[in-house]
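Read off the chains here:
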Amino acid sequence: MPSAEDPSQLLLRARNGDTGAREELIRRFTPFILAVVSRATGHFIRLGEDDEASVGLMAFNEAIDSFRPGGGSSFLTLAETIIRRRLVDYFRREGRHQRVLSLHAIDNETAATVDPLGGEAINMVNELADRRREIERYREELAGFGITFKDLVKASPQHRDARDRALAAARVVAANPLFRQYLLERKALPLKALEKSVETSRKTLERHRKYIIAAALMLIGDYEYLADYIGQGKRGGQDA
Amino acid sequence: MLNPERGLVVSRQGKEVIVLTPEGEWRAFYLDGQVPEVGEEVMVPPVKKKSRLAVAMAAAAAILLLFLALPLARRAAAPPVPGEPAYYINIDINPSIELAVDEREKVISARGLNEDGEKLLAAIAIKDEKADVAIEILTREAVRQGYYLPDTRGALLVTVSPAAGSDLEKLAASTELSQKLTGQARNILQQARVQAVVEAATVTPEIRKHAEAAGLSAGKYGILLEALEAGLPVTAADLQKESVARVLERYDTNWERLLQKLHQEKDLLKKEQQLGAILRKALEPKEPGSAHPGTPKNSGGERTEKQESIAGSDEGGAKEETAISRESGKSVSGEKTGTGGRTKETPSDYVKPDNRNLKKAVPGNKDAPGDKKAR
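Order-wise, the sequence lines are chains A and B. Oh and the first sequence: position 128 is 435 in the numbering used here, straight run, nothing missing. Oh and the second sequence: position 16 is 10 in the numbering used here, straight run, nothing missing.
I should point out that these hints are in silico values taken from the structure, not numbers from a laboratory. Among the hints, erroneous ones may be present.
[To be verified] Not close to chain B: a few residues of chain A, all C-beta gaps over 12 Å, as computed: (1) R329; (2) D357; (3) F486; (4) K510.
[Claimed, not checked] Selected chain A positions facing chain B (in silico; Cβ < 10 Å): (5) I352; (6) R439; (7) R446; (8) Y536.
Computed from a predicted model, the values in this text were never measured in an experiment. Yeah, the Cβ is synthetic: ideal placement off N, Cα and C, and Gly gets one too.
Model the full structure from these sequences, guided by the hints.
Structure (structure tokens):
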């Protein structure tokens, strides 16, 4: 089954000149590329409508060739760096960065003028550190609820439908001030009330308790990156 | 939709990473090769869906195998017991650490042999990891904690000894293991752009016991023997406190060769016997002689000077040597004149060019204890 193939195998084949694998890899990672481009430019990017999307695709293609296995960082980290660099190049060429770049990117622009590549690399490092801090903060909050990441791996609903329902329940908890308070104070889900608000049986809710709590905390707390990351998978098919 | 292709790393333990996918799924899996940091995005391998039939088949096969293997296992005289130490691995950076690994090279326990070693171990979890993964983690942490400074040459010595028995087979397996581990450590240090001499050594269980009695790691003990033989006034107390690189640097600028020599060493026990009194002296914890602030320093200074001058003459010596061999290739008369003044040294030339230095240094060393006795 081609769709179930390990992406790192695809990467290996693509690097060895297999154009089919390269196309497949780019196709499968298009959501990733769009997410990175959206984050870098600060606005929603659509494939086929925004030039930035093509810049991202080409940069990703470039990353496939420049990736060195066994090097320091993962392929996706490298790809993200290159996509950001190429976007900066692109905006500078277009001379319209004033209008479209986000504040974040403009900040970086001043650094990049001095050292175009170095500045971007530093920015990547900063973002990585920010993400790490956010994850650490999240881990600590979860620990307060007696939940570890390992628990979540076990409690993660396997089926997409089940997961979507659990996420929907988490969204309901996060959006309702009373539910929110209940969760934060009692460190438990208001199962009875929640059961009425969402069309999921109490048994299912209980089974996915840890998962729902974790997702709700992510939405309640100020976890910009994490919450946004989960959203990326739902692009185009938003259900709540 | 398709299965998740990528995920955000939220935790990493050894090679196991836990990721959050954009679809909101939490997944755990093992990565080999590059190990990402928390906060990085990685590609996620697809879930291997096992059909029920496959699971049932696997279970049946396992049961069948168990029945088949049971009599075999009983017949085997001493089956390797998982959970029992099979090898002891010493790692000396300056943190000195000893790992006990079982037959499958899985780390059963780890202990720090000095303060730095304990500190290093406190920061990492390597139990139940494979030895090669453990050394990766260890090395990385040592770099992170700043045991390798820029612009100075550091050292990393991996010494393996079998837990019991010193037959050739066991020693050969130990050598293989130490080679593998040094390779791994070398990679990590290269990635971190650290300049370090990485060397492997194998010692017998007896030597390990002697080292333990001396309060040293097996690796440092081996280095002590090599250094003493080379005439360096190194003591066990020095090596307990400081790293191999730091101690040796004081006496000899060309200290890697001692590590290389240890790597090739076959019989350290014999070396112990040969060194005899010198070794005993070096092992004394804090003898009154070394309490005098002046004298040992002086002799140390002399020694370094001597050593330097030897190191200086080394190049000349090497040239001379090549000249000699060229001459000897040409004619017999040439050989006579060439070796004329160096008859004493020719035997050691046969062994190894480096050994000549050692030979020269030994008389100097013989003087040293004599001096001390006189005092």
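Which numbered conditions among the earlier hints are violated in the structure presented, ordered from lowest to highest?
Number 5 - this is the single hint that the structure violates.
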